[in-house]
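**Q** One letter stands for each residue in the lines below.
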Amino acid sequence: MLATIDVLVRCQMMHKSACRNFRFLGYLVPVILLEVGVLMVLLKPGSSALTTAGLVGMMLAARVVLGVCIGVQVLVAGRGGE
Amino acid sequence: MFATDRLRSFKNRLGPLWWHSLLMLVAARAGDIVALCVGLFIVPDMVLREKLGAVFALVRLAAFVAVPLTVVGNVAMKYINMFLVQEDDGKIKALLRDLLVSTRRCRHWWGASLWLCWAHIRTGLAIEDNAIMWILAAFVLVSCWTPVATMLSRGLKQFYRITAARIVRPAARLVVLLLIRRLQVAGYLAGTLAQPVAVLIFLVGGLRRFMRKDIECVDYRELKSEMLRYLWPVAAMTVVTAFQLAIEPWLIRECFPSDESAGYYMAAVLGNIPMWAAPAMVPFLFSLVSEQFEGGESTRRMHLQSLACGRVRDRARHIARVLLRRAAYPSAARVVAAVHGLC
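Line order of the protein sequences matches chains A and B.
Residue numbering for the first sequence follows my numbering, beginning at 19 and increasing consecutively.
Residue numbering for the second sequence follows my numbering, beginning at 479 and increasing consecutively.
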């Protein structure tokens with residue numbers, strides 16, 4: 019799932035940047051910064067605030083949000099919204 | 479002759495994106511077999527289990543260091559592709575020349591930064607070997623050039639060369655690993671270093687065509703403000719994704735026990751195997767979409783096809799799970815179970 023959504027994100031980034039359309043940054047940047055920020059706060063060396071499953075779950079949640087955003091952007095573009 | 483005609487007709491029916499993706503798929507699978515042998519049989523023997531998690535973090539760190547030139551390379555890829563569509567070899571040569579100069583400048587700055595940060599890197603990753611310092615320095619220097627050469631080759635649509643590089647890459651690594659396997663992490667990093675060096679030599683060969691003396695450089699100054707406007711969003715996109723890719727394995731290495739970070743490394747590497755179709759397409763997508771866009775054609779069909787391709791995983795998912803179970807370390811079972819989501 020992580021790898022699948024990473025590839026979707028890459029395809030979206032490639033296509034939109036080739037067409038000089040950077041609206042996807044509106045969701046990509048906040049979601050990734052939020053994920054990395056939360057991980058850095060929770061995962062201090064020696065701390066047990068987050069388990070391994072919790073870490074992977076958080077990485078997965080961020081990617082699911084990105085996947086949904088890409089889907090919405092594609093649907094909106096299909097209806098002439100972009 | 480008949481076979482050649484049939485092949486040509488098949489190629490025309492597929493179109494450039496899927497034809498090159500198919501070739502890349504075949505080349506990448508050949509490369510994967512070599513990479514799989516290295517990952518399953520050579521790496522666990524030559525790198526101590528507790529050091530394995532450091533490898534992933536180090537490789538990602540080198541990629542993170544190359545981010546500034548990746549941003550510049552992305553912009554160059556877009557404009558060099560545009561010049562190629564306009565058949566303006568003079569501007570291509572001028573842009574190539576400017577990139578060589580800026581890459582050479584960045585190299586010195588990165589070498590000095592690495593020297594200053596080395597103590598922190600070594601403590602964070604728990605590595606004592608000094609030889610690694612030199613290999614990492616070489617890796618960082620090569621990392622300056624590789625993304626630029628790769629992106630220029632993509633922008634110039636040297637697709638066959640990019641596909642062949644996919645086989646050259648793991649082959650070079652395998653040869654080096656077999657020669658110096660007793661050096662443990664240093665040997666592994668030297669093998670990892672051999673990959674971009676071999677690819678760089680191979681790709682630069684294709685760029686020489688545009689650096690011939692009979693091509694006059696043409697100034698592209700009138701496009702510089704437009705290039706800068708394109709650069710900022712590309713920089714934001716590249717920095718954020720590189721930050722994510724570097725920080726995830728780094729945190730895992732620093733905050734979890736060595737066995738669990740080693741398990742993450744194995745799971746992440748093997749989890750990428752089932753994503754067969756999509757990465758084969760990605761190197762060609764940008765140039766072809768950009769070419770259509772600059773030519774005023776609709777790119778929606780190619781966009782939807784690329785997104786659909788990203789979801790193709792089918793039976794390969796099952797195969798990867800079996801491989802994960804066999805390759806993962808027993809003590810890393812929790813990580814492997816959680817990272818099963820990868821495939």
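Keep in mind that the hints were calculated from the coordinates and are not lab data.
Watch out, some of these pointers could steer you wrong.
As the list claims (entries may be wrong) - Listed next, the stretches of chain A that the computed footprint assigns to chain B, with coverage defined by at least 3 CB atoms under 8 angstroms from CB atoms of chain B:
#1 25-39
#2 48-60
#3 88-95
Claimed, not checked - For each label pair, taking beta carbons as the anchor points, the in silico distance ranges come out as:
#4 M58/A x R583/B: 28 to 38 angstroms
#5 A95/A x T601/B: 45 to 55 angstroms
#6 A597/B x L60/A: 31 to 41 angstroms
In this text, all values refer to a predicted model and were calculated from it rather than measured experimentally.
The C-beta atom is built at its ideal place from N, Cα and C for all residues, glycine as well.
**Q** With reference to the structure, classify each hint as holding or not holding.
**A** Hint-by-hint comparison with the structure:
Against chain B, the segment 25-39 of chain A contributes 13 residues with a C-beta closer than 8 angstroms to a partner C-beta. That satisfies the three-residue criterion, and the hint holds. Counting residues of the segment 48-60 of chain A whose CB falls under 8 angstroms from any CB of chain B gives 6; the rule of at least 3 is met. Counting residues of the segment 88-95 of chain A whose CB lies closer than 8 angstroms to any CB of chain B gives 3, which reaches the minimum of 3, so the coverage claim holds. About 31 angstroms separates the C-beta atoms of M58/A and R583/B, a value consistent with the hinted range of 28 to 38 angstroms.
Our hint of 45 to 55 angstroms for A95/A and T601/B holds, since their Cβ atoms are close to 48 angstroms apart. Roughly 26 angstroms separates the CB atoms of A597/B and L60/A, a value that falls outside the hinted 31 to 41 angstroms.
In terms of the numbered hints stated before, the structure departs from hint 6 and from no other.
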